[in-house]
Amino acid sequence: MHSFYPSQIIEYLYCPRYTYFEYVLRIPQFEEKFYKVQRGRQMHNEKLERNKNYLRKKIGVKEKWLDQYLGMPGLRGKIDEVLELEDGTFAPLDYKFAEWKDRVYETYQQQLYCYALLIEENFGEKVNRGFLVYTRSSNKIVEVPIPEESKAEIRKSMDAMLKIIGQNYYPKATKFKRRCLNCTYRNICIQ
Amino acid sequence: MIIWVLYDIEEDRARTKVAKICKQAGLYRVQYSCFLGTLNANERDSLQLEIEELINEEKDKVYIFNMNKDQLKSCAMLGQAFDEKLVSDEVKALLF
Numbered sequence: 001m002h003s004f005y006p007s008q009i010i011e012y013l014y015c016p017r018y019t020y021f022e023y024v025l026r027i028p029q030f031e032e033k034f035y036k037v038q039r040g041r042q043m044h045n046e047k048l049e050r051n052k053n054y055l056r057k058k059i060g061v062k063e064k065w066l067d068q069y070l071g072m073p074g075l076r077g078k079i080d081e082v083l084e085l086e087d088g089t090f091a092p093l094d095y096k097f098a099e100w101k102d103r104v105y106e107t108y109q110q111q112l113y114c115y116a117l118l119i120e121e122n123f124g125e126k127v128n129r130g131f132l133v134y135t136r137s138s139n140k141i142v143e144v145p146i147p148e149e150s151k152a153e154i155r156k157s158m159d160a161m162l163k164i165i166g167q168n169y170y171p172k173a174t175k176f177k178r179r180c181l182n183c184t185y186r187n188i189c190i191q
Numbered sequence: 192m193i194i195w196v197l198y199d200i201e202e203d204r205a206r207t208k209v210a211k212i213c214k215q216a217g218l219y220r221v222q223y224s225c226f227l228g229t230l231n232a233n234e235r236d237s238l239q240l241e242i243e244e245l246i247n248e249e250k251d252k253v254y255i256f257n258m259n260k261d262q263l264k265s266c267a268m269l270g271q272a273f274d275e276k277l278v279s280d281e282v283k284a285l286l287f
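These protein sequence lines are chains B and W, in that order. Residue 188 in our numbering sits at position 188 of the first sequence, and the numbers go up by one each step. Residue 234 in our numbering sits at position 43 of the second sequence, and the numbers go up by one each step.
Keep in mind that a hint or two might mislead.
Claimed, not checked - With a straight-line cut-off of 25 Å between C-alpha atoms, the simulated DMTMM-like cross-links for lysine to aspartate or glutamate are:
| no. | chain 1 | residue 1 | chain 2 | residue 2 |
| --- | --- | --- | --- | --- |
| 1 | B | LYS36 | W | ASP261 |
| 2 | W | LYS214 | W | ASP199 |
| 3 | W | LYS211 | B | GLU31 |
| 4 | B | LYS36 | W | ASP274 |
| 5 | W | LYS208 | B | GLU31 |
| 6 | B | LYS47 | W | ASP199 |
What the hints assert, rightly or not - Chain W is nowhere near these chain B residues, computed Cβ spacing over 10 Å in every case:
| no. | residue |
| --- | --- |
| 7 | TYR5 |
| 8 | GLU32 |
| 9 | ARG50 |
| 10 | GLY60 |
| 11 | GLY71 |
| 12 | TYR134 |
| 13 | PRO145 |
| 14 | LYS156 |
| 15 | PRO171 |
| 16 | ASN182 |
Rather than coming from a laboratory, the hints here were simulated on the basis of the structure. Built from N, CA and C at the ideal position, the CB exists for glycine as well.
Please build the complete structure, drawing on both the sequences and the hints.
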């Protein structure tokens, strides 16, 4: 069975055509050439070196696992930190090379939903919230609730993506026209 | 939005690099250490981070200003000034 990365699911939820262009036609986005992407990756490596033994008291962390590469049927990914909280539930934590702009973007939420699925599957524990660390706003930490419906939503997108990749199905583009303005595939996409 | 980048950078290598980054970002060189052009918010943010990493914060000076089209139109440009339409991306091709 095909197995997806959270980033692939996020791209699908942004616009289903991403999945088609990037994983059916295999037209690369060259995102590793963007400066902010490079800086973000570098930051992840530094964080892993530095935060080895530090446990976050404020949010009640009992135990943590760094850089966990987890997989399940249809989904796989690397989680910056898997936390065990005082109330017995687990939570994913992700570092963002970004500024806090007074709201959590949908794409970040979706990433945490994917991680929640992975943790529940691999650790066998309940996940009902996740955390984001904004490194460009002096490591501000934000809690994100993870409802059951959202996890189901992710599973639904996985099925839709399998259809695109498995059957070379050309999906309808997103109905939000504003997303097309910044899209890396806007030059080749038939509107 | 229209972005101005003005700088005063001591070290030659850093100064050349900043100029190169500005050009690559799609800005026009209107003076030796002054660039101007249209960027979106993400491109501006990326440019700022890149410049930040190159300069010496103790000595160098860099200004990045935002401006909208109306403000640019109301500017006074004397002598051998640049083409206003070119920098606001109104001219699509230089040759026909």
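Comparing the hints with the structure gives:
no.: 1; hint: B:LYS36 / W:ASP261; result: 30 Å, violated
no.: 2; hint: W:LYS214 / W:ASP199; result: 17 Å, holds
no.: 3; hint: W:LYS211 / B:GLU31; result: 20 Å, holds
no.: 4; hint: B:LYS36 / W:ASP274; result: 31 Å, violated
no.: 5; hint: W:LYS208 / B:GLU31; result: 22 Å, holds
no.: 6; hint: B:LYS47 / W:ASP199; result: 33 Å, violated
no.: 7; hint: TYR5; result: 22 Å, holds
no.: 8; hint: GLU32; result: 14 Å, holds
no.: 9; hint: ARG50; result: 19 Å, holds
no.: 10; hint: GLY60; result: 34 Å, holds
no.: 11; hint: GLY71; result: 32 Å, holds
no.: 12; hint: TYR134; result: 14 Å, holds
no.: 13; hint: PRO145; result: 28 Å, holds
no.: 14; hint: LYS156; result: 30 Å, holds
no.: 15; hint: PRO171; result: 26 Å, holds
no.: 16; hint: ASN182; result: 7 Å, violated
Comparing the model with each numbered hint stated earlier shows that hints 1, 4, 6, 16 do not hold.
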